[in-house]
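Participant: Next come the chains, spelled out residue by residue.
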Amino acid sequence: MKQFWKSMLRSPSGVIGLIILVLAISVALFGPMLFPNSPWRMVQRPFLPPFTLSTVPLGTDALGRDVFAGMIFGARVSLLVGLVSTLVALIVGVPIGAMAGYFGGRVDDALMRFTEFFQTIPSFALAIVLVAILQPSIYSIVTSIALVSWPPVARLVRGEVLSLRTREYVQAAVVTGQSNTWIIMREILPNALSPVIVLASLMVATAILLESSLSFLGLGDPNLISWGYMVGAGRTVIRQAWWITVFPGVAILISVLGLNLIGEGLNDALNPRLSREGR
Amino acid sequence: MPKRVLLGLLLACGLTAPTLAQEPKTGGVINAVIQPEPPGLMLAMVQNGPVQMVSGNIFEGLLRYSPKLEPQPELAESWSVSEDAKTYTFKLRKGVTWHDGKPFTAADVLFSIEMLKQTHARARNNLAQVDKVEAPDDYTVVFTLKQPFGPFLGIFEVGSMPMVPKHLYEGTDWKTNPYNNAPVGTGPFMFREWQKGSFIRLVKNPNYHEKGKPYLDEIYWQIIPDAAARSVAYETGKVDVLPGGSVENFDVPRLSKLKDTCVTGAGWEFFSPLAWLWLNNRQGPLADKRVRQAVMYAIDRDFAKDVIWNGLGKVATGPSASTIKYYTDDVKKYPYDPAKAKALLKEAGYKGEKIRLLPLAYGETWQRWGEAVKQNLQDVGINIETIATDVAGGNQKIGDWDYDIAFTYLYQYGDPALGVGRNYVSSAIAKGQMFNNVEGYSNPEIDKLFADGAVATPDSKRKEIYEKAQKILVEDVPVAWMLELQFPTITRCKVKNLITTGIGVNDGFKDAWLDK
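Line by line, the protein sequences are chains A and B.
Sequential numbering from 1 applies to the first sequence in this note's numbering.
Sequential numbering from 280 applies to the second sequence in this note's numbering.
By construction, these hints were calculated from the structure, which means they are not laboratory data.
Built from N, CA and C at the ideal position, the CB exists for glycine as well.
It is possible that part of the hints are untrue.
[Unchecked claim] Partial selection, computed: residues in chain B whose CB lies under 10 Å from chain A:
| hint | residue |
| --- | --- |
| 1 | V586 |
| 2 | E650 |
| 3 | E664 |
Could you build all of it, start to finish, from the sequences and the hints given here?
Facilitator: Dropping the structure here:
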């Protein structure tokens, strides 16, 4: 573990990414405490440009709502959706991939065809359809993002498991008569984890983008403010009021960039070949 | 400032256009915006605003109405009223054919009335005073009323009583009739094509019964789901007509200033759209009058007018728009007063039960308005959850009474007996249909007042009755009245004679022509 942090902190992208993520998470956790009011509240006159009033530093939107407050609360939704949907995708994808890789043969065929079924449909289109059918809400958004993002996990895990299960220590475990579940859980998966972690950090970024795109199209949860919603709502007035779209847009950009940098850093830290070179 | 510019333009264009007595030119294609995409085009079955706007050019009614709401001939070329004001005789125009070539006769009128009574909530209400309808010959229709009904001549406009082809609908299941998707009418334009999500194309009816009309060859109703894109489409010349409500309100002053652009507020006299919130009187906290009153006090309607509607329109005082006959503002007032709203909620024992809010899926303005109202209501402690939906889904939910609060705007049709009563009398409670008494308000006194008011004579008596009804309704708050809406129509100035009646764009392309 110490080794991991050491190499993680040695890669500049990882450090920058970590800083951004920690910042974003603390904004999401503690920001709303600084803004007890709902971000939907109309607080000032509409279309107030940024940096004119200290109470609304980033200006107001078409209804006079505080753009800054919206960004703070939006961070919460974006991160929450990103993390939860990634978690759900892992819960679905890892077991499927592990079973396919470990058992091989027909099980593998069946599971992989099933996975491909999801992969052949363009993921964003599928997400839109799912949210539209299920009615937009935070639950349907998380569900649909998870549903479109688990197949790569399954395929990755399958590949790792396929290569790991021919190793001697796995063979040895089989010979000693340990149960399949035990072997998968204790012998194989822990060793297949590093690429999954790297992939997961990138999936969080993708999920944030997906959520933003859905909200931008008006398929967000109407009761929660999110960055994508703010961009979508401000887009029609972009010529009169650029700040309504630009600030949340930048927030999306930075957080997605941060997560990608973390992914890169994790890759450097967890990839045995790369880290050995660095030593 | 922008308001003054707008007013100036209204005067400049609205007044000068008709005085230039130019000879209409034939030919040309017009691109107009339709917002939102209509859920269907069969006017006898669906009557959302955009449906009326497109289908009003395909179908026709017996009459149309001038901006002063005087009846004008359409499918009926003349009409007479008996001495006792109980028998109305309509002479139909001869030589009128449906788009498929079959002749239009009195049999179609009789059939349409029977069908509309089942499919068209407002028509059923309008026809309640009709005892019998007869057709002595192919070109005469006689309506016999149970008792004199003052506003009777006001019910024959195309959106209120569209004529339906008997030979295509009789004996079929109306809901699944294939002609619902390719409607056949008698109007100046024929349905040709509907690329869902893209455009609806109407073409000139060469056999139209008014010789020489229509002047245009084709109309493309462009479906552009995004308000900014609609403005841009006008600026770049892709569309020439922006009917009321099709661009963001804050874009109206900017577009009005463009070159060759004419703006008019005319063409809505017949409708006088009034926006309100349906409040489901049947269930939950909203069944309590005090909670409904609290909703009225909680909502900042001046804010909605000034910010969301950019200063257009007027705060509503009650069930009648101020342009409707017998309107009175001598009713209980509901200023923006959150403290009073909270007090009323407390008195009613509201404990934070969840209340669902259904915004109107008619674009950004309505979405923003939904958000503002939600915030207003939350500020006084009402626990609001917004339900996202599309137009058809919203219609269905409201029609099935599966809502707590829902946005809408309805037309008023000039007379309280036609456009107002239908939303409050208990006989207009019919599940599965929109635009009637979907809030489920039921008050025998109101039922009686509207029943009496419709048939009372003379006018002063009607006035007294309707003023009383308004007072009671405003006290009871069956629905939460928001704003009298104003919808400016923006057109390229080369589009002439588009708005000539009190129905405006809804049947406007019959007379419209392009000055090339």
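Participant: All hints are to be evaluated individually against the structure, with a verdict given for each.
Facilitator: Each hint, compared with the structure:
1. V586: holds (5 Å)
2. E650: holds (6 Å)
3. E664: holds (6 Å)
Checked against the numbered hints given earlier, this structure breaks none of them.
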